[in-house]
Amino acid sequence: MSSDIEKVKKRKQEWEEKVLKPALEGFGLKESPTKSYTPADTEGFDFLSKVGFPGEYPFTAGIYAAQPGMPAPRVGRATAQRRGRPAGPRLVRAAGYSGYGTAEDTRDYYKEMQKRGDRGGPNLAFDLPTQCGYDSDNPMIRGDVGKVGVTVDTLRDFEIIYEPFQGETELDRIASNFTINAPANILIAMYFALAEKRGIPLDKLRATPQNDILKEFIARGTYIFPPRPSMRMFRDSMVFFNKYCPRINITSAGGYHIRGAGATREQDLAFSMAILIAYLQEGVNAGLDVDSFAPRFTINQFGGSMEMFKEIAFHRASRRMYARIVKEKFGAKSQRSMLLRGGRMGAQIGCENTTVQRPLNNLTRSVIGAVASALSGGEGTAYPPYDEPLVMGRGLESSQLARDATRIVHYEAKLGEVRDPLAGSYYIESLTDEIEEAARKELDKIEAMGGAVAAIENGYMQREVAKSAHARQKRIESGEDLMVGVNCFVGEDELELEINHLVPHVYDPVRRDQAEEKQIKNLTELKKSRDNRAVAQLLKKLKTKAKKEEENLIPHFIECAKAYVSEQEMCDVLREVFGEYEPVSL
Amino acid sequence: MNDERKIRVLMAKPGLDGHDRGAKVIALGLRDEGMETIYTGLRQTPEQIVRAAIQEDVDVIGLSCLSGAHKYLFPRVVELLKEQAIEDILVIGGGNIPKEDIPFLKEKGVSEIFTPGTMVGEIADYVRKNAKTRGHQSVASE
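Chains A and B, in that order, give the protein sequences. Number 534 in our numbering belongs to position 534 of the first sequence; there are no gaps in the numbering. Number 1098 in our numbering belongs to position 98 of the second sequence; there are no gaps in the numbering.
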């Protein structure tokens, strides 16, 4: 074997001398613009330990033995036009990320989507006041109510949002997603209170809260409390779900926000792993067996760049790295604990690489992402829709084309036919190793600081990500990194294509604009009509319990929710006890 | 008169939006361009921003918002400056601002809006041309 490698190395040298060099001279080039890889780049490569079979440790080739397929195509004109339930098992997945305005606005949106054939549960986008623990009537947060999602102040809002989800779509028959982090336990307690009022036992509920608070300190920024009390909240949900809600995922952690905030590929991987380690450790410290809870960790989306091969290698490396950590560091025995499990997991381009300039180019970009996704072990999802950066709300036509691109990748190009088709490629295998090794080094550095929580408290992760974002901007400004239509191929020879939505969006912009005023009125009335003495007592009790570190606060949040205590009222008590996070300077 | 004072810029995040890659990149980028920049951090109310601008004696306020709340928050900052009779602070804005909102924001006194894909160099040129260094005449770069 090694003599074969020697032969290859020698031959490569000869080829560089006799073939490559003259060719480059012919082009007037000093250095080759392209690279080539040989078996010498994967010397000692051991297939079984580095790659293995799909669905088997270390999961480099994919977390499932066979990728769960796309919904069966509905062939033929008549059936293709019917947006009925797809063949096969009943759909319990949550629908697309949605929600805006008041609870009434969002309820009416879901009613409309159900009329169009949707049967999934809601995948709720909350507005920023809700994500940051403020009520709609707080004058500090004017302007943000109902903007990027639905506003929720009390259980009343959950009751209204879930009005369309009854009977065939009752709470025990759907899955809900909640994009909520810092106050996740309070919002999920409202959902539990709703279920209890409807007589549905908690162990029948399916849901996935994002509940990934640590990344909020690095990207996205919807933190409330300092990292340590935030970890206590995470522990509470982990322990509570473990005991009472076997069908609720504990977290939907994700590295793509960190990448979107500017992290390099290696930082993204290292920081995400450090965060997952902190969550796993928290569970172990709470006395849980790792195999009892790790299978309900899910991954939102990972990575994100236009560099297709690097993203594919990144995904292979991340699956392997996570599996190794869970097995070696935490001693997990169940393979299910070791999976980076997520919805449409797979490589993608990252929303930050879409452009407002000539926005249809984003379709081309997302198709490259779809190819990367399919080749990296994902579902071949084209994401995001081309109008993503335009803040017009994703249009129906761009969403249709994104879905079609995914279908074309799957059914016409047939990229889903082979699992991990690039396995064994000299380039991809060496790149996979390289990325894992670089991330491992960075992870060691973070672990030496005391782990993710410490590296957030001291500002290391935040500053490193800002530095990387700044470096990327400098590369764009100098032309070292190119973005078509942004810093190159602009000018009079080019056509600056713009787009308009042909089909009106299902969100009503007038309702969105009126949401703040309406919700303030709703909340004022509610606060008048509830039993305010009970509210005061519950909040007092919450304070006493919050002061005891070992106390699990979720049962108490449920009691508060039932009495229509508002989100901010609960958060304010916790702010008093836990303090608020003070961000580090640049 | 050869004035040594650098242009001072307050980069601010009004509202609850936590996407501050852009704000940080511009704060660092304008620093590379020779300006002094202060970044407020997240979740600043218009009142806090104006207070910080006065305390820090800045020439420019850069507002960044990606949550869709710019139509309320940006004009509010300008309004508060006017209430305090401050007329020499240049207010610029950025983020994913829909094109159709730009005339409205300008009418409300935001002097320029920079949308995604703008180079920091371009913003720096604009600032150099339009900022009045407080109490001094700015040094023209040509």
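The hints are simulated quantities; they were obtained by calculation from the structure and are not laboratory data. Quick caveat: nothing in here was measured; it's all calculated off a predicted structure. Where a beta carbon is used, it is the ideal one built from N, C-alpha and C, also for glycine. Among the hints, erroneous ones may be present.
[Claimed, not checked] Derived lysine-lysine pairs resembling DSS-like cross-links, with alpha carbons at most 27 Å apart:
hint, chain 1, residue 1, chain 2, residue 2
1, B, Lys1006, A, Lys467
2, A, Lys474, B, Lys1108
3, B, Lys1108, A, Lys518
[Said to hold, decoys possible] Covered by chain B, per the in silico footprint, the following chain A stretches (three or more residues, Cβ under 8 Å):
hint, segment
4, 60-67
5, 360-369
[Unchecked claim] Reference excerpt, derived from the structure (chain A facing chain B, CB under 8 Å, subset only):
hint, residue
6, Gly28
7, Asp144
8, Val148
9, Arg220
10, Gly221
11, Thr222
12, Gly262
13, Gln473
14, Ala536
(request) State whether the coverage of the segment 60-67 of chain A by chain B holds or is violated, taking the criterion as 3 or more residues with Cβ-Cβ distances under 8 Å. (result) violated (count 0)
(request) Return the status of the interface hint for A/Gly28: holds when the least beta-carbon distance to chain B is below 8 Å, violated otherwise. (result) violated, 31 Å
(message) The hint names A/Arg220 as touching chain B; please verify it with the least Cβ-Cβ distance against 8 Å.
(response) holds, 5 Å
(request) With a cut-off of 27 Å on the C-alpha distance, tell me whether A/Lys474 and B/Lys1108 pass. (result) violated, 32 Å
(message) Under 8 Å is the threshold here; is the Cβ of A/Thr222 close enough to any Cβ of chain B for the hint to stand?
(response) holds, 5 Å
(message) Holds or violated: B/Lys1108 and A/Lys518, Cα atoms, limit 27 Å.
(response) holds, 25 Å
(request) Would you check the hint for B/Lys1006 and A/Lys467, treating anything up to 27 Å between C-alpha atoms as holding? (result) Given pair B/Lys1006, A/Lys467 holds - Cα atoms ~23 Å apart, limit 27 Å.
(message) Does the closest beta carbon of chain B sit nearer than 8 Å to the beta carbon of A/Gln473?
(response) holds, 5 Å
(message) Given a cut of 8 Å on the nearest C-beta pair, is the interface hint for A/Gly221 held or broken against chain B?
(response) A/Gly221 check passes; min Cβ-Cβ to chain B is 2 Å, inside 8 Å.
(message) Using the nearest Cβ pair, does A/Asp144 come within less than 8 Å of chain B?
(response) The hint holds - A/Asp144 has a Cβ within 8 Å of chain B, the shortest such distance being about 5 Å.
(request) For the hint on A/Ala536, just tell me whether its beta-carbon gets within less than 8 Å of chain B. (result) Violated, because the Cβ-Cβ distance from A/Ala536 to chain B comes to roughly 27 Å (cut-off 8 Å).
(message) Quick check on A/Gly262 please, does its C-beta sit within 8 Å of some C-beta on chain B?
(response) OK, holds: A/Gly262 within 8 Å of chain B, min 5 Å.
Of the hints listed earlier, those the structure fails to meet are numbers 2, 4, 5, 6 and 14, in rising order.
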